[in-house]
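Here the structure of chain E is known, so what remains is to put chain L in place on it, guided by the hints.
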Amino acid sequence: MYKRLPELAASNPNTRLLAVTIDGKPFAARDGDTVAATLLAAGLADCRTTPVSGSARGPFCMMGICFDCLVVIDGRPNQQSCMIPAHDGMQIERQQGARVVSLAPESVAPESMP
Amino acid sequence: MSSPDEFDIAIVGGGLVGGAVGYGLARSGLSVALLDEGDVAYRASRGNFGLVWVQGKGLGLAPYSNWTQLSARRWPEFAALLRADADTDVVLEQPGGFHLCLSERELEHRVQTLTRLLEQPGLERYPFEVLDHAALADRIPGIGSTVVGGTYTALDGHVNALKLLRALHAGLLKHGGVYLPNTRIESARRSGERFDLQAKNKTFRASKVVLASGLGNARLAPQVGLVAPVRPQRGQILVLERVRRFLHHPIATLRQTDEGTVLVGDSQEEAGFNDSVGMAILATLADRAVRTFPTLRDVRINRTWAALRVMSPDGFPIYDQSRAHPGAFLATCHSGVTLAAAHALELAPQIVAGELEPRLQPFSAERLNVQKAA
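These protein sequence lines are chains E and L, in that order. The first sequence runs 1 to 114 under the numbering used here. The second sequence runs 1001 to 1374 under the numbering used here.
Isolated chain L, as found in the complex:
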């Protein structure tokens, strides 16, 4: 018999990564607890842009591109599962996405980057199109004259990320999982065949533990024989008022939701744990948005926010299992939306089986243990 605070698997972190893994684990029939810190946490999952994005990812680690492509391909099935389990339409659209360039130099660099990316050994190659202004204007009416060109891949899409987060929690509950908010885990340690997870006034016990607490993983991972050298990287987002749908494809830096809201984003700053917005970045985002779509010039900005991406040293996800403490797993990435399908449908079953498959070996933090050259 297990006590109410004893579970087959406990997940530390109730954001998009923990939520997706937790939903996948709960679907397997195991007893699952999702331990979520609370509103004092940095909450990257509540501040992201909502892209399901493939193009451009994986330069330097081909398996990351393949993993991303797999998740994008499994997203329609995943969205259907969430609709059934959580009665939530997460508004998945995968019409293909564009990366737009505002100068010839940007375009040249973009094409070089994608070409190098796709030439990597072991990468499952996908086609991309390079489009000049005229070709783009046919496909995305309303683009400005300073958009000199761009790239397109058919795999890209977007989703309502807040509905996704809610659906993951609801799906977990539907399959008998337990969601515990305001439960910051202070420490994690192996105790015999189980793990003890210490919250403020309570200890949770579980046969397996999955660390999915974003920036919090850096602190908890070493306690169970893992490493997660992640750092915050700030991103800022502008939210415009709702306008009649005019944009039917996501663009890497700008997308319109099904309900009409326009989001502008994709800034990247090293700002430590400061998650406030700054006028310089917001002004740059606004300027690029207006050059991309001049019609947005008189559309009101309703909100702005900043959030902290969870970045590893090389920018790629870390999936790991503890050798010293079998049963302890780690999952961290900065693409919790794109990879949600892979986390629920591909990663969770491996955790149930107790062993990450060799195809996830490239994502082990061991790759980061190379001595830095002086």
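The following block holds chain E by itself, in its conformation from the complex:
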């Protein structure tokens, strides 16, 4: 679907490769790529499913406006993949439905409790 421009690779032969994982599988991103570009280069057109209908969504505007490219990055949900550069060791997960919030009690005991 998407592939890198050969001219780009030729003009930047020394670009550093970054070891990332996508849904646990290793992939080499290129230094300077956003997470969205990494996903597209890996051949993944979709990166999440919507909270309401569960239909697939993927990077669309590539400039931080549409919020369609949300993924889980290093454990943090709802990250805009088009706005975040990939880094070495990054763990990228495609997000299924709405993000989950933790309902674990706070570490500090409530004052009103005995």
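If you are wondering where the hints come from, they were derived from the structure by calculation, not from laboratory data. We treat Cβ as the ideally placed atom computed from N, Cα and C, and that holds for glycine. Please note that a few of the clues may not be correct.
If we take Cβ atoms under 8 angstroms as the criterion, some of the chain E residues that face chain L in the derived model are [stated by the list, open to error]: (1) Pro51; (2) Val52; (3) Gly75; (4) Asn78; (5) Arg94; (6) Gly97; (7) Val100; (8) Val101; (9) Ser102.
Derived pair list, reagent style SDA-like, types lysine to any residue, alpha-carbon separation capped at 25 angstroms [claimed, not checked]: (10) L:Lys1163 with E:Phe67; (11) E:Lys25 with E:Asp88; (12) L:Lys1163 with E:Ser55; (13) L:Lys1163 with E:Asp88; (14) L:Lys1057 with L:Arg1323; (15) L:Lys1202 with L:Val1040; (16) L:Lys1163 with E:Lys3; (17) L:Lys1163 with E:Tyr2; (18) L:Lys1057 with L:Glu1119; (19) L:Lys1174 with L:Arg1205; (20) L:Lys1163 with E:Thr49; (21) L:Lys1202 with L:Ser1191; (22) L:Lys1174 with L:Glu1006; (23) L:Lys1163 with E:Pro51; (24) L:Lys1202 with L:Pro1181; (25) L:Lys1057 with L:Leu1117; (26) E:Lys25 with E:Ser11; (27) L:Lys1200 with L:Asn1369; (28) L:Lys1057 with L:Pro1121; (29) L:Lys1163 with E:Lys25; (30) L:Lys1163 with E:Cys66; (31) L:Lys1202 with L:Ala1218; (32) L:Lys1163 with E:Val52; (33) L:Lys1057 with L:Ala1252; (34) L:Lys1200 with L:Ser1187; (35) L:Lys1057 with L:Gly1096.
Chain L only, in chain E's frame:
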């Protein structure tokens, strides 16, 4: 024969109040026109919070509590009618609602208020529970340590208010009613046995007229022998991004929709006709939301908006019929969602009958005609 611009009943105002009354009237088989101003109007019906709420309402006017309770009880039947007529699920949930308090003082005040409210003569008493932090934490997992307690009543719920508005219009059309957007009524006057409603380039005639134009009622009511001394009261709302459903009860100031969106609201300001948002109020709303549910701390705010509630001097609805011009009615309130069932199923039939029942007498604007003490 009637012309295309002549109706049995015309309703001025196509929001939740006019829509609910109009839907109820159209169900009776009369020819009904719903005259809606347009996007320049203040549109409280597009900015509200979506609660179907009973607890705490009616201190100072017991019949208002009873009317609210009646509407909440009739809401399931009303939602089923809308599903059948408008093919729309308005997502009614009535699992009971909580009012949470972030200090002992707030809780004390809350309990006093509810106790005084429910001790009023003539009020149909409903039970409420007072819960401490531990009891609340069992019922609503995830509440923060600064929530010291709260109150619960089983009658409270919520609904998708935008789907409701759409369903009311669709239901009206289904029963042969006519919806006319971009139709601001400049003036209303009695002409023989009928009323003439003057729009910019058109006159609508109707045997009866119902004024349900929110803040616009203040201008139109005196033209047909009624009064509607309503003023705007601003409310601001935060809308958070969708998260997996974690909250299964509406809270007076915070609710999660079936689709995951979290709404935070319930601010009240006297700001005239200024319907813009302000950072001070939004920050307070956000702070209280995070103290209520600490997990919301890193949840993104997607939208904010402000809307203008339609408030009478004492905060209660006004339902009235004109003595000087029989056939002219007035309906205004700031709880168009909660009261939608009562408006469609209880108020509309009285308008069809041509006479408001004595049980609505307490809501007449006559109660407001008491001279203010100097």
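Hints versus structure:
1. Pro51: holds, 4 angstroms
2. Val52: This hint holds: Val52 of chain E lies near chain L, its Cβ roughly 5 angstroms from the closest one there, short of 8 angstroms.
3. Gly75: This interface hint is violated because 12 angstroms lies over the 8 angstroms limit.
4. Asn78: Holds, about 6 angstroms.
5. Arg94: violated, 16 angstroms
6. Gly97: holds, 7 angstroms
7. Val100: Result: holds, 5 angstroms to nearest chain L Cβ.
8. Val101: Holds - the Cβ of Val101 of chain E comes within 8 angstroms of chain L, reaching about 4 angstroms at its closest.
9. Ser102: Check passed: Cβ of Ser102 of chain E comes within 5 angstroms of chain L, closer than 8 angstroms.
10. L:Lys1163 with E:Phe67: Holds: Lys1163 of chain L and Phe67 of chain E sit about 24 angstroms apart, inside 25 angstroms.
11. E:Lys25 with E:Asp88: Holds, at roughly 14 angstroms.
12. L:Lys1163 with E:Ser55: Between Lys1163 of chain L and Ser55 of chain E the Cα gap is close to 22 angstroms, so the pair holds against 25 angstroms.
13. L:Lys1163 with E:Asp88: Between Lys1163 of chain L and Asp88 of chain E the Cα gap is close to 46 angstroms, so the pair fails against 25 angstroms, i.e. violated.
14. L:Lys1057 with L:Arg1323: violated, 29 angstroms
15. L:Lys1202 with L:Val1040: holds, 19 angstroms
16. L:Lys1163 with E:Lys3: violated, 43 angstroms
17. L:Lys1163 with E:Tyr2: At roughly 39 angstroms apart (the allowed maximum being 25 angstroms), Tyr2 of chain E and Lys1163 of chain L break the hint.
18. L:Lys1057 with L:Glu1119: Between Lys1057 of chain L and Glu1119 of chain L the Cα gap is close to 13 angstroms, so the pair holds against 25 angstroms.
19. L:Lys1174 with L:Arg1205: OK: Lys1174 of chain L and Arg1205 of chain L at ~22 angstroms, within 25 angstroms.
20. L:Lys1163 with E:Thr49: holds, 24 angstroms
21. L:Lys1202 with L:Ser1191: Roughly 15 angstroms separates the two Cα atoms, so the pair holds.
22. L:Lys1174 with L:Glu1006: OK: Lys1174 of chain L and Glu1006 of chain L at ~19 angstroms, within 25 angstroms.
23. L:Lys1163 with E:Pro51: The given pair, whose Cα atoms are some 18 angstroms apart, holds under the 25 angstroms limit.
24. L:Lys1202 with L:Pro1181: Distance of about 13 angstroms is within 25 angstroms: holds.
25. L:Lys1057 with L:Leu1117: holds, 8 angstroms
26. E:Lys25 with E:Ser11: Distance ~28 angstroms between Lys25 of chain E and Ser11 of chain E Cα, so the pair is violated.
27. L:Lys1200 with L:Asn1369: Measuring from Cα to Cα gives roughly 33 angstroms; hence the hint is violated.
28. L:Lys1057 with L:Pro1121: holds, 15 angstroms
29. L:Lys1163 with E:Lys25: violated, 43 angstroms
30. L:Lys1163 with E:Cys66: holds, 24 angstroms
31. L:Lys1202 with L:Ala1218: Given pair Lys1202 of chain L, Ala1218 of chain L holds - Cα atoms ~22 angstroms apart, limit 25 angstroms.
32. L:Lys1163 with E:Val52: holds, 15 angstroms
33. L:Lys1057 with L:Ala1252: holds, 12 angstroms
34. L:Lys1200 with L:Ser1187: Cα-Cα ~10 angstroms, so holds.
35. L:Lys1057 with L:Gly1096: holds, 15 angstroms
This entry does not satisfy hints 3, 5, 13, 14, 16, 17, 26, 27, 29, going by the numbered hints stated previously.
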